[in-house]
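Q: Residue numbers (the working numbering), protein chains in the order written: chain A, 1 to 510; chain R, 1 to 485.
Note that these hints are calculated values from the structure, not bench results. Please note that a few of the clues may not be correct.
[To be verified] With beta-carbon atoms standing in for the labels, derived distance ranges:
id, chain 1, residue 1, chain 2, residue 2, range
1, A, Thr202, R, Glu192, 35 to 45 Å
2, R, Asp275, A, Thr311, 45 to 55 Å
3, R, Leu3, A, Leu15, 49 to 59 Å
All C-beta atoms, glycine included, are put in the ideal place defined by N, C-alpha and C.
The primary structure of each chain is shown beneath.
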Amino acid sequence: MILPWLILIPFIGGLLCWQGERFGPTLPRWIALITMSLLTGLGLYLWSTGTYTYAPAPGVDPTWAVEFKAQWIQRFGISVHLALDGLSLLMILLTGLLGILSVLCSWKEIQRNVGFFHLNLMWILGGVVGVFLAIDLFMFFFFWEMMLVPMYFLIALWGHSSADGKKTRIYAATKFFIFTQASGLIMLVAILGLVLVHFNQTGVITFSYADLLKTKLSHSTEYILMLGFFIAFAVKLPIVPLHSWLPDAHAQAPTAGSVDLAGILLKTAAYGLLRFALPLFPNASAEFAPIAMILGLIGIFYGAFLAFAQTDIKRLIAFSSVSHMGFVLIGIYSGSQQALQGVVVQMLAHGLSAAALFILSGQLYERLHTRDMREMGGLWNKIAYLPAISLFFAAASLGLPGTGNFVGEFLILIGSFVSAPWITAIATSGLVFGSVYSLIMIHRAYFGPAKTEEILKGMDGRELIMVLGLAVLLVLLGIYPQPVLDTSSATMHGVQQWLGTAFTQLASAR
Amino acid sequence: MDLTIQHFIALAPLLITSITIVVVMLGIAWRRNHSQSFLLTVAGLNLALLSIYPALKVAPLVVTPLLQIDTFALLYIGIILVSTLACVTLAHAYLGEGKAGYPGNREELYLLILLSAAGGMVLVAAQHLASLFIGLELLSVPVYGLVAYAFFNKRSLEGGIKYMVLSAAGSAFLLFGMALLYAESGSLGFGEIGKAIAATGLPSPIASLGLGMMLVGLGFKLSLVPFHLWTPDVYEGAPAPVAAFLATASKVAVFGVLVRLFQISPAATSGVLSDVMSVIAVASILIGNLLALTQNNLKRLLGYSSIAHFGYIMIAMVASKGMAVEAINVYLVTYVLTSLGAFGVITLMSSPYSGRDADAMFEYRGLFWRRPYLTAVLTVMMLSLAGIPLTTGFIGKFYIIATGVEAHLWWLTGSLVVGSAIGVFYYLRVMVTLYLQDSKIQRHDAPFNWAQRAGGVMLLGITLLAFFLGVYPQPLLTLVQHAGL
Chain A
1 MILPWLILIP FIGGLLCWQG ERFGPTLPRW IALITMSLLT GLGLYLWSTG
51 TYTYAPAPGV DPTWAVEFKA QWIQRFGISV HLALDGLSLL MILLTGLLGI
101 LSVLCSWKEI QRNVGFFHLN LMWILGGVVG VFLAIDLFMF FFFWEMMLVP
151 MYFLIALWGH SSADGKKTRI YAATKFFIFT QASGLIMLVA ILGLVLVHFN
201 QTGVITFSYA DLLKTKLSHS TEYILMLGFF IAFAVKLPIV PLHSWLPDAH
251 AQAPTAGSVD LAGILLKTAA YGLLRFALPL FPNASAEFAP IAMILGLIGI
301 FYGAFLAFAQ TDIKRLIAFS SVSHMGFVLI GIYSGSQQAL QGVVVQMLAH
351 GLSAAALFIL SGQLYERLHT RDMREMGGLW NKIAYLPAIS LFFAAASLGL
401 PGTGNFVGEF LILIGSFVSA PWITAIATSG LVFGSVYSLI MIHRAYFGPA
451 KTEEILKGMD GRELIMVLGL AVLLVLLGIY PQPVLDTSSA TMHGVQQWLG
501 TAFTQLASAR
Chain R
1 MDLTIQHFIA LAPLLITSIT IVVVMLGIAW RRNHSQSFLL TVAGLNLALL
51 SIYPALKVAP LVVTPLLQID TFALLYIGII LVSTLACVTL AHAYLGEGKA
101 GYPGNREELY LLILLSAAGG MVLVAAQHLA SLFIGLELLS VPVYGLVAYA
151 FFNKRSLEGG IKYMVLSAAG SAFLLFGMAL LYAESGSLGF GEIGKAIAAT
201 GLPSPIASLG LGMMLVGLGF KLSLVPFHLW TPDVYEGAPA PVAAFLATAS
251 KVAVFGVLVR LFQISPAATS GVLSDVMSVI AVASILIGNL LALTQNNLKR
301 LLGYSSIAHF GYIMIAMVAS KGMAVEAINV YLVTYVLTSL GAFGVITLMS
351 SPYSGRDADA MFEYRGLFWR RPYLTAVLTV MMLSLAGIPL TTGFIGKFYI
401 IATGVEAHLW WLTGSLVVGS AIGVFYYLRV MVTLYLQDSK IQRHDAPFNW
451 AQRAGGVMLL GITLLAFFLG VYPQPLLTLV QHAGL
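Here chain R stands alone, though its shape is the one from the complex:
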């Protein structure tokens, strides 16, 4: 097919990101300079973000059989770009300047993050199993490097290798599933597969098996129970800004393609697969929340809590009709905001890099009396994760419950209620730790001028947004309503 200027405009966010990757790479080759790489990356990401606006004018547009740029894809591209931008600013604070901070080469981190973001953008626009696989691998492979970026640290290295092995296993499942689907339907396009399955009424056993295996593969990336075992270790080992990236951009992209796959071929979710997804949802909610109860490491705790949160989103996935897509989109936006905030605080507490991250709970004891505004940020984020009114997390949870009630999914809604009751316990534990009396042990704190740096400004902005959208969510809802499939 011929590519016209329209197609290039539609692809502009992806193209600009790719160009940025090349420019940053050449920049590093020319002169190693931390600030230069950072500025180039930020400029490129901002340009890509701006280019979503012209792309909206030409959407929806099919660009080759592989990619479909529609409002849904552009919303997810927007989320990915914003969270990448946030992670990059956090990484800049984390790696530090001059002598203080990360001792190795700092510049390649930006390269890897950009590569991964580009993969995520391919993934959310994919409407073909080939582009799904390309996008997924482009998203994951740089993350191996990112997780192990602090390679002098044993845990970081361990996390990187663990993620690589399990991710490769997930990809193998995914490929096997794709092959089975292809054998059954004779096509790799989402739409054609959907038609082929719908033609037979219920999915045939082979197609069910294929879809099930794909679900396993994607479930690994989303860390749904029972494919969650890597999550806490990788979250703990990864440098804090990378963990933020892993929790936000990477997961959102994978969920985006999952939504598209199951929405384009709705017949795929009928039958036994729907039950499997319900079981996965309930298991993720309960196990994620229960395991988070005993954690004393904030990064591990957030890892388990993210398992539970993706369990909540799976409820809307099982519902799949009515306002399910809207609910998923709203929840993902609120979840991304909240996770960025929470990991942002951990990053700033650990900045500049000094061997290990400040992720033990006792390091946060009495933080309110030392860094009141940073504590306010983390408090809002914890309340938002728990889904308490006045924060955006409540709006997300409200949507999910509404979807569950609308679809009469009583067991799933019930497990959400139980799950959030358990969740409240550990979110409150973190929150109250911040306000207890100061312990007098040697500790690592955020620099005093954290709020004047890029990372701090971004963090305060996210907090205000999380609060504002909790009180007046209408702008978000309007945005998301325009981004249906």
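Chain A with its partners taken away, still in its complex shape:
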């Protein structure tokens, strides 16, 4: 029964926050904080007690660390089917942690309609937890679409319009919604296609992951259905031709929205690829892998170049996410255990470092009321602690050894080198551009001639705890990633087997 509670806690907490506003604006914040701590606490409890050597693997019925099943819509064989393995556990822990941070970082920023804000925040996180737990495809889609609505509200109602007034927050929110909703519908069509193929073979209509894994697909059907899933995940990840909603959404979102977007929502796409797209369609994925890796490569460079050209600090970080997700995509489609493990570490590390950078730029914005780096400069000795901490996270973002990002990128590159040496070699040079945009961000914001001689308010305890906590976690992940790797290894081994077998078949067919 613990799994439904993981989803229900944020939803109930959100409603409480909404109604709690009647008793003053601080109560919703505390309720939200307690809700998220509860979620994280439950996640940690599951981590300490569960055995994560169970995970879905080809050929056998999937086994899970924890599982929950209840009837939902009998007509279509849809059930409330939740299951947890190492990968979903890590993602839920990240969700809980970033949930706490997004509550904390909006403590001062959000002053309007506090209760409704936290309702939306909690419901996003509840939807994300649902995505990470659902293994009924209907339910997965249900949560996948559902979390868009509160995110839309978060950007549209509490976001910032761009300084020149050209891009409003409503424009950004609507763009985000339409991109993800339309691509989601394509995935729904693919899901239904898969279900109907399975129905024609067995006469059983079901949306269950375990059953659909056994579907036998003809070559072209498999490829088309795989593309349906891939497009939905490609928009969310994002992969380059479909990425244009991301910078707008990030730039216009409030800090908490950016933290959730970069930290968690992007990870749902990578999770979806690992959990659904690869195991359900291994052969088509293997065939598609070179294209996906090239798309990842384009993402790395395109993201890095555009990040360098930005003047808005949040857009810069947004484009750096595009670049980092390129590495994740290459790792996912390389089909090696090492690279897949690297993907997990990279997802966690990017979640932490991007969240920290967004929180820091939010704090800058609270002090300067601008995100334009042309208006900054020379801030190094004007704000206590903030510039130095920013430097640390910028270094983490460029993959400095000792941080989690380094472990992730290193594992991805070393794992992929075996199967795709050329792509890996080119991708490695992308790291150089990573350093360029990270350092230029620090340079433009904190060094150079000062625009003002005024000393700005230093960081207070809340702000320090948030970013220092993240820094500690990032260093821990960089120095001792073994617990994380152990937790996810069974899941990644399963994925690797699916893809590995498909690669061998593909090689022998050629």
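Fit chain R to the known structure of chain A by using the hints.
A: Same frame as chain A, but now just chain R:
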């Protein structure tokens, strides 16, 4: 044929509604009183709704060659009665009490709505071209009066006349089509026509032409592209509760008979007609959604969106096999719930009547900070129209996509995906307007105690139902599965 007590039980919903019409009419003749007419109407409609239960026991039953009362007909009769009931409660709030509110005679509106509902009930039970025509005219003619009911308002009058002229043109097409079909098959019963067409394999050119013309006639009522031109003007001009009636009961009844006609004579949809319907579906989806993009009037926007929604349903119509009928029924139920909710909010915002309806988008700006629960209702309805999970609209859309994929209608399914992506844009625009900062201009709001009145209670009930069926749709699906043809 002899009519036994069984036949009367089967016809009970229709008979009770007809008796109510007479009673309400005599009541008005005896004493003009708004509340009295309202209560009589509501009582009659509720009795009719209850009488569906005994009617289910005797269904399916053929009552004269004209009507067939089966579970399908009873489901549609139920939908019509429920939506009529909802529109009547909304109308009561809209017309107002005492001095405030509608200045003319209020009572006849109930009479007209009841008449129209009776026509709709005949229509969904029709299995004969004669009863189809009788039902359709009985459904439409009172609506002319209803649309023009606020006749001091230029737009209302204009809408009424427009609807009358185009509806008459639609009826002419329908009659011509019927005549051609009769000439070809020598019969007016749906079943016999189906057999006659099936005997020749593909429908002959004359039969195709006849069916095509009937499709034009019914397409006018359903406002499918390219017969949609009246829709936005009539929706805008009609008083809000009447627009709700037009969008729900009236359209559902017409679609019901269309489904029955094409399901009883499946050969009719083969050949060129199927292609025509596909084109109509794609055109309705794309044009309806595209034209809705630029609207600043909520009633016009809903008018265009209803064009698109009937385009979605046409996909299941083209599929016509497998779970198509089930999908149509589910979609219509979800659509009726959603439309009633959306028009219900507009009605309550415009209540009591004061010259014009509150249908401009700016009047809804910042509504959340003034009437939070009313805003929640409209938000749920907009999400449901857009087909987002947690609302019943998602279940409907899910069914339509499933039907499209099942029948391999890739172009139609693709246009649905494109259409809903466009649709999201304007539904979100409405939704976010509700939450923006309040504008400080003079405006018209729902009365503070709206939630304690009949219309408000009904509206909250519909919202809860729309939410509940979105989360747990099994009861609806079970109901609909029993109501196949």
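Q: Are R:Leu3 and A:Leu15 spaced within 49 to 59 Å by their CB atoms?
A: holds (56 Å)
Q: Range first: 35 to 45 Å. Now tell me if the beta carbons of A:Thr202 and R:Glu192 are that far apart.
A: holds (41 Å)
Q: Go ahead and decide if the range 45 to 55 Å is satisfied by the Cβ distance of R:Asp275 to A:Thr311.
A: holds (54 Å)
Taken one by one, the earlier hints all hold for this structure without exception.
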